[in-house]
Amino acid sequence: MNVTITPSRVQGLARAPPSKSYTHRAILVAGYADQTTVRDALWSADTQATARAVERFGGTVNRRGETLEIEGFHDRPGVPADVIDCGNSGTTMRLVTATAALADGTSVLTGDESLRSRPQGPLLEAITDLGGEATSTRGNGQAPLVVTGPISGGRVSIPGDVSSQYITALLLAGAVTEDGLEIELETELKSAPYVDITLEVLAAFGVDARKTELGFAVDGGQTYSATGGEYAVPGDFSSISYPLAAGAITSEDGVRIDGAHPSAQGDTAIVDIVDRMGAAVDWDRDAGTIDVTAGELEGVEVSVEDTPDLLPTIATLGAVADGETRITNAEHVRYKETDRVSAMADELATLGVETTETQDSLTIHGGDSELTGGTVDGRNDHRVIMALALAGLVAEGETTVVGADHVDVSFPGFFEMLSDLGAAIDRER
1 MNVTITPSRV QGLARAPPSK SYTHRAILVA GYADQTTVRD ALWSADTQAT
51 ARAVERFGGT VNRRGETLEI EGFHDRPGVP ADVIDCGNSG TTMRLVTATA
101 ALADGTSVLT GDESLRSRPQ GPLLEAITDL GGEATSTRGN GQAPLVVTGP
151 ISGGRVSIPG DVSSQYITAL LLAGAVTEDG LEIELETELK SAPYVDITLE
201 VLAAFGVDAR KTELGFAVDG GQTYSATGGE YAVPGDFSSI SYPLAAGAIT
251 SEDGVRIDGA HPSAQGDTAI VDIVDRMGAA VDWDRDAGTI DVTAGELEGV
301 EVSVEDTPDL LPTIATLGAV ADGETRITNA EHVRYKETDR VSAMADELAT
351 LGVETTETQD SLTIHGGDSE LTGGTVDGRN DHRVIMALAL AGLVAEGETT
401 VVGADHVDVS FPGFFEMLSD LGAAIDRER
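Just so you know, the UniProt record's numbering puts 129 at position 129 of the sequence shown, and the rest follows in order with no gaps.
The reader is advised that the hints may include incorrect statements.
Per label pair, the in silico range of CB-to-CB distance [claimed, not checked]: (1) 188 with 301: 18 to 24 Å; (2) 112 with 79: 20 to 26 Å; (3) 188 with 2: 26 to 32 Å; (4) 349 with 212: 43 to 49 Å; (5) 254 with 352: 26 to 32 Å; (6) 275 with 2: 32 to 38 Å; (7) 375 with 220: 50 to 56 Å; (8) 104 with 424: 34 to 40 Å; (9) 285 with 79: 42 to 48 Å.
Keep in mind that the hints were calculated from the coordinates and are not lab data. Since this is a predicted model, take the numbers as computed values, not measurements. The C-beta atom is built at its ideal place from N, Cα and C for all residues, glycine as well.
Given the sequences, and given the hints that come with them, work out the whole structure.
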């Protein structure tokens, strides 16, 4: 699907979709449990991949609207009868790889072309160090993966600067091993708030995991059980960044975002970033609402060390702002669905925006640029697509985003939301 956006001003009420990060974890953790009702779940392409994996391991997932009824595989997963296809979901592959290491047999995991290019090597090495067998069929640390268990726990070291999902995967699996897990970080942890999310979800399911001087630890022999058998997923601040940015760059009459309750998500930082840039922002944490109105935006410097998913949104804000917006600590953002640093630099350049790219940073020279419409490639990456669509709201002329259907990965109703706020959008299938 291609989507064409015409310059528009937006206003009105937008509701945040449920958090993708929390939903992934809740579905898999419910798989480790017996019976769980997961409320307000995001049902997207990525989270469906995690649900399919739970079923491959012997659980069942039944959906009624935004409620999932999950019958788990009871601590230890069964050996899958077929290959686990993780689609485009890196979170699914990494979390499920550690789950597969608990099974008394061999599991095979694969995904689409993009996912088969993403690094999994450190997690495979960790599983091997714990006594399992975990290999890449091509010997390059990328999927397809072959994993044989069971592991019983122990001590393991792993880099923290490639993906925090490795740590999450090991913590989730470690709770049901015999000996538990002690995880030593070899390098500084990037995207640390995502591990905070993991610890929060584990606690909600009665599992004790903790930070240590060297990294993280989780005791073995624990049982997953949500309080009252239910768990509710909070709103997604990665997704909130899009209506928030839309309001900050176009809205004279204001956009209100509902469902923005505080949580461990690092991406809540977008509220402060938009405020620093000069938009009028009011976050009522108790009510879970954010009101935003456009202002004269000025460039800022932002580290995305802990918030990699925000880079595309910040890049678009920088394209609209006066002065320079410098996004730092961004090297790990290159290892997402696509290299998001280069993708945003290249596609914004198509729209007339000057940028400077280094291995670890992206600088947007908004004051030296004039956004003009054009045809841009969404790179099969949901966050790049949504960020480029925002640019189309203020670019002179029409902006067409190619391959826009990939928003289904995290925000299936994104274009409907923009349209409801008053954006002029034409979809061509």
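Here is how each hint holds up against the structure:
no.: 1; hint: 188 with 301: 18 to 24 Å; result: holds, 19 Å
no.: 2; hint: 112 with 79: 20 to 26 Å; result: holds, 24 Å
no.: 3; hint: 188 with 2: 26 to 32 Å; result: violated, 41 Å
no.: 4; hint: 349 with 212: 43 to 49 Å; result: holds, 45 Å
no.: 5; hint: 254 with 352: 26 to 32 Å; result: holds, 28 Å
no.: 6; hint: 275 with 2: 32 to 38 Å; result: holds, 34 Å
no.: 7; hint: 375 with 220: 50 to 56 Å; result: holds, 54 Å
no.: 8; hint: 104 with 424: 34 to 40 Å; result: violated, 57 Å
no.: 9; hint: 285 with 79: 42 to 48 Å; result: holds, 45 Å
Violation of the numbered hints given earlier is confined to hints 3 and 8; the remaining hints are satisfied by the structure.
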